[in-house]
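Asker: Spelled out, the chains give:
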Amino acid sequence: MHWDFVSVLSNYDALLAGLVGTLKIFAICLVLGLSFGLAVGLCRYARDGWLYWPATAFVEFFRNTPVLVQILWFFFALPILAPFEISPLAAAALGISLNSAAFSAEIYRGGIQSIDRGQWDGARALGMRYGQAMRRIILPQAIKRMLPALTNRAIEIFKMSTLASAVAYVELLQQGKLIASLNYNPIEAYTTVAVIFFMLLWPMVQLTYFMERRLKRGE
Amino acid sequence: MSYQWDFTPVAANAPLLAEGLANTLKVTAVALCFGLALGLALALMRLSPRRWFALPAGLVIEVFRTTPPLVQLFWFFFALPLIVGIEMTPFLAAAVTFSIQSSAFFAEVFRGGIVSIDRGQWDGALAIGMSRRQALHRIVMPQAVKRMIPAFLERSIELMKTTTLVATIAYADLLYEANDIAQKTFRPLETFTVAALIYFVVIFGFSLLARLWEKRLAVSGEGTVH
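Quick note, the sequences are listed as chains B and E, same order. When you line the first sequence up against our numbering, it's residues 1 to 219, in that order. When you line the second sequence up against our numbering, it's residues 220 to 445, in that order.
Calculated directly from the structure, the hints in this document are not laboratory data. All values derive from a computational prediction rather than experimental measurement. Careful: at least some of the hints might be erroneous.
Pairs of lysine-lysine residues, derived as BS3-like cross-links and limited to a Cα-Cα distance of at most 25 Å, are as follows [what the hints assert, rightly or not]:
| hint | chain 1 | residue 1 | chain 2 | residue 2 |
| --- | --- | --- | --- | --- |
| 1 | E | K380 | B | K159 |
| 2 | B | K216 | B | K144 |
| 3 | B | K159 | B | K24 |
| 4 | E | K245 | E | K380 |
| 5 | B | K144 | B | K159 |
| 6 | B | K177 | B | K159 |
| 7 | B | K177 | E | K365 |
| 8 | E | K365 | B | K216 |
| 9 | E | K434 | E | K365 |
Partial chain E-side listing against chain B, Cβ under 10 Å, derived [what the hints assert, rightly or not]:
| hint | residue |
| --- | --- |
| 10 | W294 |
| 11 | V315 |
| 12 | A386 |
| 13 | L394 |
| 14 | N398 |
| 15 | F419 |
| 16 | W432 |
Idealized CB from N, CA, C, for every residue including glycine.
Looking at chain E on its own, in the form it has when it is part of the complex:
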């Protein structure tokens, strides 16, 4: 193999890669915040005895878990603006798509966690005069959240990997910048290798932190969902 590796053109474009990484983290953070909030709302609706809440929530969860995220992204970016008549930016499309997509998965984690709490906890809370809302808020959720943490961490890491799809609608995330640099410098091998390594370092770092946290939880003697 006589190929001469040359990383200097990639190094010269380091600021672009840094900007791309910042944008990747931005989309991830926004989608994570909205995804968690919306996921909790969907889970509570789905657990509700009222069908008007449970059915629509179930539908949203099923549709967004069952269709490919790239199809969702294209739909929100190319189709939705024509239906509602608004300007759609790549960032907005990505934020909306990944918020809803991750909320469908988070909803199932919340639901699994809440359902896993023994009925006796509910009965006890109601017996001492709490309303259902108080029981959920003060008794069930604090126990459930602890069990859900490993599944949340796993989903959040999945979310960060999924955000690379925004490169296909020309949002300047790390992958998009790498593609850009590869074309400008004619050094796709070095550029994509560096991009892959950056992703690996960031995502593997988060994975290790997640494992450390899970171990701590396991030591403190709590079962986990999933």
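Chain B extracted, bound-state conformation:
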């Protein structure tokens, strides 16, 4: 067995393009997924049925179907209903963002629920409205407790970004595939891709461990 990483590293420009693609879709899905998730989470927390039920249906549907099915649906099925073309990036970002929104909505809801009722009462007693109390009193405390779970979600989003390769979006795994088929070196190409992902994700994983430990000590 003769390992030949030179044939992979000489394609560093292709890997770099893949890395940019991975970071791009990660950033898009992180922002869209976590912000839309907050809106859905607040609706799930609401007592109003018109907010609660649609949000609940959304969460259940997207949590209970595989994200790859969602991506392929947006890529192959949605263009038939919608009057516009859907790029691989748009399809993959839609699937991953909506999936992440459903999962993070439950994190937000759980975090808000974990805050003691007295905090609400206190905010009300000071004359704050619901929105003010939520923004100034409840969310700042809840976010602290949610941070490890939200960072975990971010890691999941990063890992899910590889699924975009199924619709031929240019990201790291897709570029690994390309390099492997051009140079007949799948061992080195896929090992390199795996190592790159490990190096990118390992610090994030350590960060969640650190935050979980600190949270446990703090409470």
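Based on the hints, put chain E in the right spot on chain B.
Answerer: Showing chain E alone in chain B's frame:
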């Protein structure tokens, strides 16, 4: 919107979808069995005071939790056969990948459950003359497993969703069959919608069962891990 929905081409291919669903369940079941067994072994190794056990187990857990499952699948399907010189089928690659990948997550559930049991339980068991193995087997694990059940159920559902990745290496699971039918019939909208609904019914069904079971456990007054 003037699109004419037509589900008859999908209905005509129902046997293919059923076969795909059976294959999805098969991969899930195989990976779940091996994943649980391997996960328990990894957890016990990681908890061992001997570094020769703890370090390799920790490494496997970290690597498989930290890298994307699709990258793992491609590595096992395209790279591993060349290293060890064996024929690799899509099913074998999927079974191996998802067994090890889920075992890394199961290991952390086992470990969390075992660690959560009060030290006094160990001390008591050792004090009445049990060996460490007996204490684990008879005293600690029975209590720990009960606490771990919700996390196990959640992971198993995650595992079933992850198995859709095998469609990318042409294993005939439900998603692969749906893609095939969509291309043959030129009805991607209906086919992928039906496939998504089938997944939803199966996975949501399992989720509801899991919640029911968790509620029962909660009523019987046991704390849970996670």
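Asker: Hints first: check each against the structure and report whether it holds.
Answerer: Now for the hints, and whether the structure bears them out:
This hinted pair checks out: E:K380 and B:K159 have alpha carbons roughly 14 Å apart, not beyond 25 Å. Distance check on the hinted pair: B:K216 and B:K144 sit about 12 Å apart at the alpha-carbon level, within 25 Å; holds. A threshold of 25 Å between alpha carbons decides the hint, and for B:K159 with B:K24 the separation of about 13 Å falls inside it, so the pair holds. Distance restraint check for E:K245 and E:K380: the Cα-Cα separation of roughly 13 Å lies within the 25 Å cut-off, and the hinted pair is therefore satisfied.
Pair hint B:K144 plus B:K159 holds up; C-alpha atoms about 24 Å apart against a cutoff of 25 Å. Taken as a hint, the B:K177 and B:K159 pair is honoured in the structure, with Cα atoms around 17 Å apart against an allowance of 25 Å. Only pairs whose Cα atoms come within 25 Å are accepted, and B:K177 paired with E:K365 is rejected, the gap being roughly 43 Å. Only pairs whose Cα atoms come within 25 Å are accepted, and E:K365 paired with B:K216 is accepted, the gap being roughly 23 Å.
Among the hinted pairs, E:K434 with E:K365 is consistent with the structure: their alpha-carbon atoms are about 12 Å apart, no more than 25 Å. For E:W294, the interface hint holds, the least distance from its beta-carbon to any beta-carbon of chain B being 4 Å, beneath 10 Å. For E:V315, the suggested interface contact is broken, since its CB lies about 15 Å from the closest CB of chain B, more than 10 Å. With a cut of 10 Å, the hint placing E:A386 at the interface with chain B holds, because the nearest CB-to-CB distance is about 7 Å.
Below 10 Å, beta-carbon pairs count as interface contacts, and E:L394 has one with chain B at about 6 Å; its hint therefore holds. Interface restraint check for E:N398: the shortest CB-CB distance to chain B comes to about 7 Å, inside 10 Å, so the restraint holds. Using the Cβ-Cβ criterion of 10 Å, the hint placing E:F419 at the interface with chain B is satisfied: the shortest such distance is roughly 5 Å. For E:W432, the interface hint is violated, since its Cβ never comes within 10 Å of a Cβ in chain B; the closest pair sits about 16 Å apart.
Hint compliance for this structure: hints 7, 11, 16 are broken, all remaining hints hold.
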